[in-house]
Structure formats: structure tokens, C-alpha cells
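Enquirer: Line order of the protein sequences matches chains A and B.
The first sequence begins at 1 in the UniProt record's numbering and counts up by one.
The second sequence begins at 1 in the UniProt record's numbering and counts up by one.
There could be a bad hint or two in this list.
Note that identical chains are pooled: a pair holds if it fits in a single copy or bridges any two copies.
[What the hints assert, rightly or not] Computed list of lysine-lysine pairs in DSBU-like fashion (alpha-carbon distance at most 30 Å, straight line): (1) LYS143 / LYS116; (2) LYS417 / LYS143; (3) LYS116 / LYS358; (4) LYS358 / LYS377; (5) LYS400 / LYS306.
Hints in this document: simulated from the structure, not taken from any laboratory.
Protein chains: 2
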Amino acid sequence: MGVIMKSQGGGGGCGSGLAAATGCLLMLSLLLNVCLVREMMSPRKGLTWTEAAAREAEHAAAMHCSGHGTAYLDSSEGCECHSCYAGPDCSVFLADSCFAEADGGDPLFLEPFWRKHSASSAVLVSGWHRMGYSYSDQTTISKVLEERIRELHSVIGNAVTDGKFILFGVGSTQLIAAAVNSIFAPNSSAPAKVVASIPYYTLYRLQTQLFDSRDCDFKGDTAAWNGNYSGSTDQFIEFVTAPNNPDGQMNKAVLRGPNVRTIHDRAYYWPHFTAISSPDNEDLTIFTISKLTGHAGSRFGWALIKDEDVYERMKLYIQYNTLGVSKDTQLRALKLLEVVLRDGGRSIFEDGHRTMSKRWERLRDAMSVSDRFSLQKIPPERCLYFNETRDPTPAYAWVKCEWDEGQSCYEVLKSGKILGRMGSLFEAEDRYVRLSLIRSDDDFETLVTHLRKLAAAAEDGPKST
Amino acid sequence: MGVIMKSQGGGGGCGSGLAAATGCLLMLSLLLNVCLVREMMSPRKGLTWTEAAAREAEHAAAMHCSGHGTAYLDSSEGCECHSCYAGPDCSVFLADSCFAEADGGDPLFLEPFWRKHSASSAVLVSGWHRMGYSYSDQTTISKVLEERIRELHSVIGNAVTDGKFILFGVGSTQLIAAAVNSIFAPNSSAPAKVVASIPYYTLYRLQTQLFDSRDCDFKGDTAAWNGNYSGSTDQFIEFVTAPNNPDGQMNKAVLRGPNVRTIHDRAYYWPHFTAISSPDNEDLTIFTISKLTGHAGSRFGWALIKDEDVYERMKLYIQYNTLGVSKDTQLRALKLLEVVLRDGGRSIFEDGHRTMSKRWERLRDAMSVSDRFSLQKIPPERCLYFNETRDPTPAYAWVKCEWDEGQSCYEVLKSGKILGRMGSLFEAEDRYVRLSLIRSDDDFETLVTHLRKLAAAAEDGPKST
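Turn these sequences into a full structure, and let the hints steer you where they fit.
Expert: If you want it as C-alpha cells, here you go:
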């Protein structure tokens, strides 16, 4: 090229004079123009088959839902609005028909965290990703994900994983079924008695009753058996939930003895909700990402299991039940835990804890105008993770209606347009209602507004009896 | 800008003469360069938070595994090699220790299809995608996906969905458990008798036995009950699998009567494997994507259910078992079915059928050198989807060892370095072995090579007795 240009000598070439120099520069500049345009027209560097999917996701994410809804990639028509909001962009507030939704435990309080960390938490799944039943080691458990889980517990200090087997399940829900059915070796004696301390998460009972196994029967409140079981050859399976759902208490095992096995449900044992006072080191403990990262929709949980035989039996149960857990979900859980672990959990737990404390403060404030409602009391504890003493900030308010109003607490709240979960669903008295505090900001705002009105009705309402 | 340029008058400006014109062009060209460079330095248009995930996926996909392995996004260290291959890029063929893997049903024969359709089948999952337990209609079932499934059955013609309820499960595996436990209303009479026709998919028995419900007992071969059940008040649940796993036969229900319910497992009723002779229109039929798109690792299946009560009971079972199916998986299944439906299934079923017919041809050819082995025989049928008469091309070869060699057929094949699944695992005689024909090309090549050698050993081996 240089040779050709040289041979052109005078004229518009690169020989001599201002005009020539200008001409020469022009040529170079035009050449650069051509190169740059070609570069821009060429496919984006390195992005080929993924670009359409990436664009599609950004398109959905960019839809304007006024902060009161979300357009998902698989939404059938644009924005899906939070309760009490409507319209194509969720901008219409339905003041009149607006009930505060505080029943279900959808953990959307962490959604803002994931939006803030959108780049690091996104996953692109290829069409050929892990089509087979197993990973390359012939198991249905991703070893990389298992390692991240061990690392997470070690960093947070909420569980000992050394010397434990880890099993994955389709949410802690499936692991609960697997544990109940596997914790004792099969035998021909009487069915094991499954118990839990009132108030307890109703699934323990519902599942065991519906699946109706010959190996176990649900037998109600643990307290009813305390003192009545020793010396008996009956086998007991005790659920120990800490923090407890619904009331946030740090329950401990009640029954003891050679025929007692405990299943520790620690779904809520994360620094969002409670001080991490000591690492769990039980025989069988169940965790889930639902209340850790907030991804309840992904259905992913795990169990830490000391005894190899129990582990093998639970593994078989999960195998025969669903052939393991979706590989798509395992990939996503891996990505999410990697984001959590990047700074040892600081961002997510500080964010989550800040949200929960603010919500508790506002909830107490809203209720403080009268003595109509009261809340559970849980003593503060030293948190090894945050290295300070903290008040607990449980996922649920366990509300007691203090006045004798001639109707259940659920009905009292409902009359004030608040939908909670009635105490009887936890085998507790109807003076109690569980209110979910982990839902979206919109749901929480509505809840506080309605609760304040209801508590303020104290001035005119009947007095405590 | 134009004004400034004009005011510069003569000199190198845009006034007059060739030099001036050159200067003017130079300025424009330089300006264009500045613009182009700025444009290139700016973030890629429209791609912001998704780009890192897209790049990461392309990086993994670009790893060179010599066509004998895959590097997945969650692979711990580069390529994961197919059996018989090793080395960092899977280029080392382990001839000596190489067994043909023909046991499991990993449907990797469709992997090339998805690689070919990489752009349309990729999905980018955002960190905040569907964190809640339910969709906006408070169910755990994506209505968009349900619609695609109805469309698919209507296009393929393999099932009537009008007037049917659709329920999703974590693979057909979970739906089988749900169906067995829900098909009869709970009652206090004797447990229902669960039966299947030998040879049958062993999970039917294993699951029912392990879960050990008071409501049903596995009672073996259907044929043993035929003729012995009418008049009895016993309840029967009959599994009808068509095409059948392992032998590909189009089984039909055997038992009839008011106390008989049937569960139709139609995992293999797709044009890859069999002629679509008429649409399924049974009371309860189970399908899965595992053998349709080949995504066994995603664990996604569905049931078509006529009776509303049965549907409600099965829904409850799935709810208490796993709180539904992963939303990540439902998103991915939606994307995959959209690719399948783009041309009414033509590409995937033509591709899949071509692969399966070629494999069957080569399998028959390899076995034809002797009479040591024989294969199942299934008559050709008219396929409504392809509108022609076709020989079936089942997912599995149901091989009979014709010689009396003093050992099981499984051992005979193993001695020739072929790992199948022994007949006894399907409650059949040990003269049978199931060989999977739906695995990767590498696995199939090894299978054919070893099978040819084994069949050729006919010349020296013992003769049929």
C-alpha cells in the first residue's frame, strides 16, 4: 500500500505541499471511516447466538410498570401489577377495593436487591444446557453448587457442614417429605409419630396426612407427648423450626431418647431475620433459597445430613419422587449464590436486614396507637455474623387481637381490609393471625396504612376485657 | 457548527477550489470518525445488564471439546467428555477401557437439534424473574405454557386437550406418584391394587412401594389379574404405557369395569419414535418434555385430566409435595416449545425421526451377521402427522439373546463391553436387555461397534438350542 501511494508522487498523493498533505490525510481518514463502519456493521464482537435472548430479556425488563408491577419474559401481556394496582402500566391505584395482601410468604422484599445486581445475577441458558438426567459424575446434584452451599454456611456461620452429606430437593417442601419418610429405617413396627410444637407450619401435618404412608402418622402437638413418651417403644419424629414459622421463636427440641429423631427446619435462619447465635449442627437440617435469596419460585432447598443411611434413603426418595431437581434451577441457584458470596453476604444481608428492621419499626409504630393488637416478643441476641447484638426481625408478625370482639382475629383484620393467615391454620387460637412482612413494598405500605386505621379505631371501639 | 465552518472562509475551509473541497471533505470525514469512535465506545446499544451473562454463555459454548464433550456454564473445569473420551479437550479415545453406555435414557440424540437452533432456544433469566410462589393468577402453572402445550397436541395430533384440565409436574415421575395417589377418592376400603403389563417401567413399582401409602399397593403384572377381578369390589389402577418402555409396543388397557382406573403414560408418543395413529383421549394421560424435546434434566411433565375431582386431588398432591414446578423450568419449557411450534414441529420431528431411523437401520445391520440376538417386532402404522405409513423407531431396542449361553443376556452383552439394562428390571426374563438408542452419537457409535463384534462372534460361538 505504501509503495503504491509513493508511486503516485504529486497530485493529491502524500508527496509535498499543504494540499497534498490534506489529500493524504483525507485518504487516511476515509480509510478509517470505512474500517469503523465495517466494524460497526459486523456482528457484535463475541455475541452471536445469545444476542436475541439478551435483547428479549432487556426488552421485557424495560417495560414501564410504574414501580407497581413487573413485566416478566413469560408475561402474556406486559405488566403484571401488584395487588391494589391496575392499568396497562400499573399506574391506577384501586383505593376502594384494596385489601392488604399479607397472607402468603412470597419473599419479594429482596426483589430490589436483585434488580440492583442485575448484571451479575443474570443467567443465559442455552438450548442444549444439561439435557441429560445426571451430571458427569452420574449424580443429580451439581458439585459446584454443593461447594458454594458449604462455603455459604461457613461464611455466615449458621451451620456446620463438615462431615455432613448434602442433598438437594424441589424446595424444602420435598425435603420435608423425604425426611419424614426416611429418617427411620423401614420396619414392621407401628408407624412413627410425627409431631410439631404449636404454632407450627401447617405443611408438616398436611403432607404427612395426604401422603398417608404406613410408616408414619401425624400426631399433633409435641407438648402433648412430652412426659408421656419415655419408656415407650414408639418412634417419634419431631419437627423443630427455628426461627419458627409463624412466630419467629427459636424453638428447641423437646423430646429426647433413643426412639426420637428430629427434623430441623431452618428456612429462616439467615441474618435478614435473626441473629446467628451459633452454627446449627444437628443430625438433619433443612434449608432453602426461598427465604435466603428470595427465589421461592425456583423451588430449591437442601438438607444437611449426618447419617449416611438416612442420606441414602432420602436420596432414593427424591430419586423416585422427581428424579432430582431441575438442572435449570441448579444453574440459577449457583449464579445467585455466587452473587451472595462475592462480598461474603454483606450486601444481601445488610440490604435484607435494613428492609426488615424498617418494616418492623413501622409496624410497631402503626400498632402503637392503641392496645388492640400485640406482637410476639423475642429477646435480642448476639449475632456472630454481624458481630453485634440485634433485635430479631422475623419474616412474619404473629399478631394477637387483644380485645374480645366476638369474632376471630382474622375476621377483625379482614374487616379492616387486611388479609392475614388465621391462627387455626397453625393449630393456634383464633386470637392469632400471621402477617407476612416479606412481600413487596407495595403490599407492606398497604398493610401499614390499613393497620394504623384499624388500631386507631381504638378510640371508639370496645375496650379489652 | 455550519456557521462556524462558513466563517472560516478560504484557508482549508469549504470555500472554493480543489484544495478547499479536499479540506472540507477531510473535516467531514474526521467528524464522522469522531462520531463513529464515540458510538463504538458507548455501551452497546440496548444491551446493558444482560451482556455479561450472554458473553459468559458464549464463552462456555465456544470451548473446544472435539465434538466428544460439552463445556456447560456450570462445568467446574472445562469440557465434560462423553464416555470413552478423555483429556482437556476430550480428544483422547479410551479404546481399551471403553464400554458402550446404553443403560440410561438420556435423550441426547436431540442435542444437535438444539445446537442448530441456538439463537431461538436461548433464554436469559434475570435475577428477579418470578421470585414468588405463584403466577399473577395465584396458580403455580404458567397459562402461556399451558396454551402452548394445547397447541402442540393439536398440531401433532397425538392428544385431545379440549375439555381437559392440564397439570404440571416435576417430570412425569412426579405426576405418576400424584396420579396413583389421587385417581380414586380417599376411602376406607381396602387399598387399590396397582398393576402394569410386563415388561414395564420399573418406577411404577418402586415408587408405589417406597411411598408405601395406605391407599394403594403394587400388585404386579396386569395379566395375572385379567379374568380374576370382575365381580370383585377391589379397586384397580392399571398403568398403560404406549409406546411401552422398554419394548416400544402400543399397549392397550386390559382391565375394564367400574372399579378400574387407568393411567396412560405416553412419554414416547411423539413422531420421533412412533406413528401417530390417533389422538389420545383417555381420562388421565401423562406426557413429558424429556422424550419430546430431550430436556430430561429440566424435569418437566404434564398430565391431561378429564375429571375435575381427580385434577383437584392431583393438584393438591403436587402442591404438598413440591409447591409446584420451578418457574425457571417453566420459562425454559415455554421457549423450547415455541421453537418446536414455529414450523408445526416439522424440524424437530423430521430431525429426530431421521436420527432414529438411521440408528435402527445400523442396529439391525450390526445384528444381522448372526442369529445370536433378536429385536422386538412392531407393525408399521399410518402416521397422521407425517401422513405416511411408517415403521416404528422406538427409543429402546428390546434385545433377546437367542442362544442358551448359560448366563443372562445382560452378562453376555457386558462381556462384549455393552452396558444395557437387564430384563429383570422390567420384571421380564433375563434373556432380555434394554438398549438405549437415544443417547449421544458417540455412545451409539460405540454400541454399534461392540454389538457388531459380539454378533460376529457367532462363527465360533455356541449355536441356538
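Enquirer: Look at each hint and say if it fits the structure.
Expert: Going through the hints against the structure:
1. Taking the shortest alpha-carbon separations for LYS143 and LYS116, both the intra-copy value of 28 Å and the inter-copy value of 29 Å come in at or below 30 Å.
2. In this homomeric assembly, LYS417 and LYS143 come within 30 Å of each other (Cα to Cα) only across copies, at 29 Å, whereas the closest approach inside a single copy is 47 Å.
3. Only within a single protomer do LYS116 and LYS358 lie at most 30 Å apart by alpha-carbon distance; the minimum there is 19 Å, versus 51 Å between protomers.
4. For the identical chains of this complex, LYS358 and LYS377 are intra-copy neighbours only, at 17 Å inside a copy versus 70 Å across copies, given an alpha-carbon limit of 30 Å.
5. Proximity of LYS400 and LYS306 under a CA criterion of 30 Å is satisfied in neither setting, with 39 Å inside one chain copy and 44 Å between copies.
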